[in-house]
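Colleague: Take the given structure of chain S and dock chain E to it, following the hints.
2 protein chains.
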Amino acid sequence: MKILLVFAHPEPRSLNGALRDIAVAELQNQGHEVRVSDLYADRWKSEVDRADFPSLPPDARFKPAAASGEAFAADALTGDVRAEQGKLLWADVLILQFPLWWYGMPAILKGWVDRVYAYGFAYGVGEHSDRHWGDRFGEGTLAGKRAMLLVTTGGWETHYSARGINGPIDDLLFPINHGILYYPGYDVLPPFVAYRVDRLDQAAFEPIAKRLRERMRTLATTSPIPYRRQNGGDYLIPNLQLRPGLEDFGASGFALHLNRAGTAG
Amino acid sequence: MKILLVFAHPEPRSLNGALRDIAVAELQNQGHEVRVSDLYADRWKSEVDRADFPSLPPDARFKPAAASGEAFAADALTGDVRAEQGKLLWADVLILQFPLWWYGMPAILKGWVDRVYAYGFAYGVGEHSDRHWGDRFGEGTLAGKRAMLLVTTGGWETHYSARGINGPIDDLLFPINHGILYYPGYDVLPPFVAYRVDRLDQAAFEPIAKRLRERMRTLATTSPIPYRRQNGGDYLIPNLQLRPGLEDFGASGFALHLNRAGTAG
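Each protein sequence line maps, in turn, to chains S and E. With the working numbering applied, the first sequence corresponds to residues 41 to 305, in that order. With the working numbering applied, the second sequence corresponds to residues 41 to 305, in that order.
For reference, chain S alone in the conformation it holds in the complex (with noise of 0.2 Å):
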């Protein structure tokens, strides 16, 4: 397989690095393509902006996403964001590498997502209608490619558990997972997360890099995570809610959008 790996660490010299490089070697012992995108490395610019769309007439009130609708259709996107969306489309497989900052992404790496997914490229795609709401959660671009995170953090497992004061680590990734991995099309892997990595020492770090190793062995294989498709029967459309009487029992808010039976989506 084709696999794109997305690197949003500042330090190469970091567990994020050492973890990359096992991530990457083990692929590549597998026979696996490995690309990666080092953000920091690359100096990857964050903010949406003007700067984006040169063919934006100055005057011009700048929407962003209709100017990235604009652009994408005449291949105007500039060159950085346009080599990104590349490397998608290339890729079987895509993993977000980074580390967990104010419970979400490094700006940086938001700023990845912010510019590559252009209007037409991960939005706005597809039909609209009152029985399909474009080609989204499940369809889309990206559409048969499997996408996964590796995550760092430095708070505790129980932190993040169900009962936890951060929230639980798959809500918490949700609107990465679904909104984000999901949304253009890719079926999302469980996360790996590796808790508590501030001081870390050698024998706390082998059982982190042989799990790490496992999932890596098994990209292809792993079950998705099983969330709900858009236009496949199971929401109103065009108010996109959740058909009643659909879910887990006593699911609630984001659990929702699973479906634990596999018998529909």
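In short, the hints are calculated from the structure, not lab data. Hints should not be assumed to be uniformly reliable.
Calculated lysine-lysine pairs in the DSSO-like style (CA-CA distance at most 27 Å, straight line) [as the list claims (entries may be wrong)]:
(1) S/LYS103 to E/LYS103
(2) S/LYS42 to S/LYS250
(3) E/LYS85 to S/LYS103
Listed next, the stretches of chain S that the computed footprint assigns to chain E, with coverage defined by at least 3 CB atoms under 8 Å from CB atoms of chain E [to be verified]:
(4) 143–157
(5) 189–199
Have a look at the derived ranges for each label pair, beta carbon to beta carbon [what the hints assert, rightly or not]:
(6) S/GLU167 to E/PRO266: 41 to 47 Å
(7) S/SER263 to E/GLY273: 37 to 43 Å
(8) S/GLU167 to E/ALA116: 31 to 37 Å
(9) E/ALA116 to S/ASP170: 58 to 64 Å
Here a beta-carbon is modelled for each residue, glycine too, at the ideal position from N, C-alpha and C.
Modeller: Frame of chain S; chain E shown alone:
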């Protein structure tokens, strides 16, 4: 009161720009002192990197949290970051205004958080013991102040409702409201959200503007979201899990951390 509004939209002639002007005018009409941090206009630097810590030796491994703590303690953070920290200390109320992009903040605003929220300022504050896990989640540098989000979305309100495909807006904003605002001590007011803003005509704009003016008039009196204080007895320390039986009937996920009865915390 003193109000700081942090504005994160690239186009002043946008709906966000119009809402900002309405908010500022209404606050000034009420006699408040208002400052605006316009991140795009100020060309805010989004990425946490070595350049943020000029005193870090060039060959030292860059550990973001440690570097942040050392620079904060030595008053050696960069001028842009110190200026924003000064504004946070000055303001009685913080408003973060942004368009919801990919279910979160634009990168430039995430970068404001990542850089301004230094170790020793917004985290790593206070005693760490078996009874008190740092001054955070209800305590901290910014305790006694209020904060709220002012957010616009392209999607419909039903898409962000309890059963909506995007997930409930309160859950999508929890990592910001709880993880970024409540964490360093703010009392967090319910967010102001304007939906479906992409094709808004004047008739649809007026009720939104009216609702926003009303929220600006009631900043001091609106009840905060009743999050539970970390060190108030509701959580076991150090695992930071909510004690059994405290939650609202049937609550799970992020909602566990609300105390709607208002009797504890």
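Colleague: For each hint, tell me whether it holds in the structure or not.
Modeller: A quick look at each hint next to the structure:
Using a Cα cut-off of 27 Å, the hinted pair S/LYS103 and E/LYS103 is violated, with the two alpha carbons roughly 38 Å apart. Only pairs whose Cα atoms come within 27 Å are accepted, and S/LYS42 paired with S/LYS250 is accepted, the gap being roughly 22 Å. Annotation: proposed proximity of E/LYS85 to S/LYS103 holds, straight-line Cα distance about 22 Å (limit 27 Å). Closer than 8 Å: that is the beta-carbon criterion, and the stretch 143–157 of chain S has 11 residues meeting it against chain E, so the requirement of 3 holds.
A count of 4 residues in the stretch 189–199 of chain S with a Cβ less than 8 Å from any Cβ of chain E is obtained; the coverage claim is therefore met, three being the minimum. Distance hint check: the CB atoms of S/GLU167 and E/PRO266 are about 44 Å apart, consistent with the given range 41 to 47 Å. Evaluation of the 37 to 43 Å hint for S/SER263 and E/GLY273 yields a pass: the beta carbon distance comes to about 41 Å. Separated by about 56 Å at the C-beta atoms, S/GLU167 and E/ALA116 break the suggested range of 31 to 37 Å.
Checked against the given bound of 58 to 64 Å, the beta carbons of E/ALA116 and S/ASP170, roughly 59 Å apart, stay inside it.
Going down the numbered hints, you'll see the structure goes against 1, 8, while the others check out.
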